Amino acid sequence: MMKKILCLVFAACMILAFAACGSKTAEPNRELNVLNWGEYIDPDLIDEFEDQTGIKVNYIEMTSNEEMLIKLRSSDSNYDLCFPSDYIIEQMIREDMLLPLDYSKIPNAANIDPKMKEITDSFDPGNKYSLPYMWGTVGILYNTKMVDEPVDSWGILWNEKYAGKIWMYDSVRDTIGITLKYLGYDMNTRNADEVNAARDLLIAQAPLRKGFGTDNMRTSMVNNKAALAVVYSGDAVACIGENEDLAFVVPKEGSNVWFDNVIIPKNAKNVDAAHAFINFLNDAENATRNTEYIGYTTPNKAAMDRLGPDYTEDETYNPPQDVLDRCEVFHDLGEFVEVFNAAWDKIKASN
Amino acid sequence: MKRLWRSFKYVYLGIMLLFLYLPIIYLILFSFNKFHVDFNGDTIFKNLGKWNGFTFENYGSIFGRFRGFTWDNLTSGRLFSNKAGNALILTLEVALVSSVVATIIGTAAAIGINVMKKRTRTVVLSVSQLPMVNPDLVTGITFMMLFAFVNTLFGLEISDFLKLLIAHISFSIPYVIFSVLPRLKQSSDMLYEAALDLGCSPFKALIKAVIPDIMPGITSGFIMALTMSLDDFVVSYFTADSQVLSVFIYSNTQKGKIGVNPALATIIFIPLVAMLLAVNLRRLAKEREYEIQNKKVKLK
Amino acid sequence: MKRKFFAYPYIVWMILFIAVPMLFIFYYAFNVDGTWTAEKFFSTLKDADNWRILWVSIEFAFGTTAICLLLGYPIAYILSNMKKSVAGFISILFFVPMWMNFVLRTYAWSAIIEYAIPELFGVTESLTDTASGRTIAVLLVLVYDFLPFMVMPLYNTLSKLDKSLLEASRDLGANGVKTFFRVVLPLSVPGIVSGITMVFVPSITAFTVPALIGNGAYMLYGNKIETAITSAAGYHKNDFSVGSTLSIILLLCIVVSTVIMNRFDKDKEGGSIL
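Chains as they are written, first to last, in my numbering: chain Y, 2 to 352; chain W, 16 to 315; chain L, 20 to 293.
If you're looking for bench data, these hints aren't it; they were derived computationally from the structure. As the structure is a computational prediction, the values presented were derived from the model and not from experiment. Idealized CB from N, CA, C, for every residue including glycine. Hints are supplied without guarantee of correctness; some may be wrong.
In silico DSSO-like cross-links for lysine-lysine, where the CA-CA straight-line distance does not exceed 27 Å [said to hold, decoys possible]:
(1) L/K65 <-> W/K133
(2) L/K21 <-> W/K133
(3) L/K21 <-> W/K24
Chain L regions said to be covered by chain Y (calculated; three or more residues, Cβ under 8 Å) [as the list claims (entries may be wrong)]:
(4) 61-73
(5) 145-155
(6) 272-282
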């Protein structure tokens with residue numbers, strides 16, 4: 002019996018020792034932990050930042066805003082920088098998860114277009130906690146060879162002529178949001194009846210729909226397999242670059258303008274390095290390279306001025322003011338998000 | 016009739032193997048596809064639906080710049096400037112280390128289980144089946160919760176590599192045990208007893224007499240462990256922040272740059288298969304030779 | 020040192036990393052961000068949508084298992100009648116595709132279904148344009164993913180069959196077909212049962228295949244758990260209760276299927292799995 006217990010204890014010790022020796026042992030001040038979307042930064046920029054400052058950048062990727070929230074809340078969170086979207090930032094401010102930015106350490110923040118700051122004011126007043134990183138709109142990408150009527154309304158997504166050739170975006174807020182817009186409601190509505198009306202319309206759309214896509218939908222559009230798709234403007238730029246028959250439009254009913262901003266979580270360990278990295282990213286030259294690499298629109302005015310007409314004259318990449326005027330930002334819904342999620346479950350089950 | 020059945024047999028097996036290898040052939044083919052390049056010279060659209068011509072570029076672009084072979088770079092997964100290359104290295108590291116450890120623990124466990132009393136053995140084996148039948152989703156979630164809990168309670172920060180290792184070892188061990196056990200049952204206890212009688216210590220007797228006898232079972236257990244580790248997506252996705260290949264690929268399809276470089280998968284797959292074929296075909300050929308010789312002897 | 024002590028490191032490992040983590044599912048089902056509550060647990064159980072989603076997933080899993088069995092049994096039977104060394108080699112070939120990661124293979128299937136097949140037949144429509152086509156596509160890829168797990172246990176049981184029994188049956192005048200149904204099939208039941216367990220429950224929770232192949236148009240049980248864990252927990256602080264509760268239901272499925280499986284596997288050797 003004694004022998005048995007000894008053996009068990011020994012084995013347990015072995016495993017614990019094994020676990021302990023794997024603990025992290027790097028000096029905190031030389032490291033910067035960045036949490037960002039996949040391929041959402043030019044990797045060469047990270048290398049240059051490391052060479053310039055001697056700070057080691059650990060770049061961790063996430064697949065959704067919600068996943069990022071979970072990671073930041075977890076007690077072993079050691080992220081110094083993060084790039085969440087608008088409504089999540091609003092929620093993070095509400096939950097007091099963010100550190101106010103110290104603008105004296107980010108002189109390059111002056112490069113940000115004041116026009117953009119006006120919009121982001123609605124979810125982060127005065128950009129106290131966040132600085133725009135990339136932005137874009139949501140609209141319809143369509144194949145001009147397959148769609149013969151003018152596309153200017155979300156209504157075309159319910160046109161039976163295109164049954165089986167319509168892609169929606171695989172995201173609760175975006176899909177229900179544009180349907181709300183189509184119905185003439187506010188995207189950030191807190192009226193359950195309005196959400197349910199949108200839900201029913203989307204359930205009725207089920208037989209026409211090819212599916213809810215992200216990456217697969219874009220490939221499908223490029224290969225002429227679908228006629229219409231709801232996409233982000235930045236993705237539309239990439240798709241149109243691959244297939245000249247494609248065109249992008251932000252419908253007249255209005256749409257969503259989204260922002261991915263950079264923030265510093267409250268429990269960040271290396272705040273100075275985080276500020277240095279934000280400043281580095283907002284350098285005119287670096288921001289230019291970054292937007293060229295990612296393909297999404299930069300809010301950096303100095304960078305925009307450096308970009309060629311390929312970008313600046315492209316209304317998909319650089320939407321004109323009248324498009325921006327009919328777009329609104331997503332806001333934090335609080336507990337009401339449950340209504341959206343329940344509606345989404347029903348919509349998905351309708352296939 | 017018999018002939019028909021025989022040819023049907025091979026045709027059926029062939030069709031099934033083709034079914035299993037179809038996506039692999041497709042990926043190998045498209046790993047040589049020339050993907051379109053945008054006006055900045057970056058490949059931005061890895062379109063698996065359109066063939067544009069032959070190139071080796073996809074292989075060249077996996078790793079990026081080499082950061083230098085230091086212990087720090089190795090353990091924190093930053094040997095290369097490209098995330099893809101690091102994910103690839105991490106996948107290989109985790110797969111190799113976890114399958115070696117799982118094989119050792121699993122083989123030892125099988126030896127122990129084999130001599131256990133029937134009732135204990137039943138309990139241990141039933142619980143061992145759990146990770147195999149358990150959906151990887153549940154396994155992944157439980158590991159996520161375990162590590163989060165250990166951290167809150169003990170403040171113990173476990174590195175991602177270790178988290179992945181623990182998770183992969185855990186779901187691989189049962190495969191090793193169930194590969195080794197049948198071999199152990201076939202192997203006679205007499206060998207072990209004889210070795211003891213000849214003055215070997217129990218440990219030495221195991222190493223010298225039992226292990227060689229059950230080696231084929233250990234090898235197939237190791238291969239299964241390796242397979243499970245390389246194939247895993249869900250458990251790694253929930254367990255750690257650092258990305259193994261599958262998680263890297265999955266996250267890259269969500270936002271921003273589009274598409275997956277198929278060369279990422281084939282670069283591991285092709286050498287592994289080459290190795291497997293080399294080993295097995297040689298063994299089969301040897302057996303064949305042996306048989307032919309036997310026949311000749313008989314004829315004489 | 021007795022030989023059975025060799026199992027102890029594994030037993031400790033099993034307790035630490037298999038049994039204890041399972042308990043966390045129960046912990047988080049009733050504990051939301053540090054406070055104990057059963058409210059979420061019961062509201063999740065009461066939610067009819069969850070049960071409907073589970074039912075649809077079970078239908079998919081049932082289809083997958085049935086097709087895997089139909090396709091896999093002949094494979095295992097043919098292999099078991101081949102020379103051992105060749106059969107062993109071919110059976111490895113059934114696992115080798117898994118060296119290429121699952122996510123990528125699923126991607127490749129999506130490309131084959133969407134682009135290669137229509138191209139081959141010169142049509143513009145693809146299988147996934149319609150709901151029924153998507154169902155077929157998802158089933159196809161699920162079968163693809165789980166087939167090796169059906170073939171292995173079947174092959175192991177069939178190759179261990181005592182060949183003298185078959186000869187005896189022949190000698191007693193039964194023809195090949197009769198021998199198969201009267202002797203081979205009943206004797207291979209343990210293999211069939213472990214094959215079913217290896218395929219059925221895991222395929223209930225497949226969430227990547229419905230997402231990638233079914234064009235994200237499905238909400239299956241796996242997707243539901245995944246979103247419950249990754250997004251609900253984002254909106255509500257550390258609330259894993261919905262995901263945990265849904266996982267508990269799954270664990271019950273596993274327990275039930277293991278109990279059924281053990282009834283057939285009288286020796287409790289478990290070796291029939293591999």
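Exercise. Taking only the CA atoms, is the gap from L/K65 to W/K133 under or equal to 27 Å?
Worked result: violated (42 Å)
Exercise. Taking only the CA atoms, is the gap from L/K21 to W/K133 under or equal to 27 Å?
Worked result: holds (16 Å)
Exercise. With a Cβ-Cβ cutoff of 8 Å, does the stretch 272-282 of chain L contain at least three residues near chain Y?
Worked result: violated (count 0)
Exercise. Hey, L/K21 versus W/K24, does the alpha-carbon distance stay inside 27 Å?
Worked result: Distance ~48 Å between L/K21 and W/K24 Cα, so the pair is violated.
For this session: Examine the stretch 145-155 of chain L: at least three residues should have C-beta closer than 8 Å to a C-beta of chain Y.
Result: This one holds; 6 residues, not fewer than the three required, reach chain Y with a Cβ under 8 Å.
Exercise. Mind checking, does the stretch 61-73 of chain L have 3 or more residues with a CB under 8 Å from chain Y?
Worked result: holds (count 3)
Violated hints for the displayed structure, listed by number in ascending order: 1, 3 and 6.
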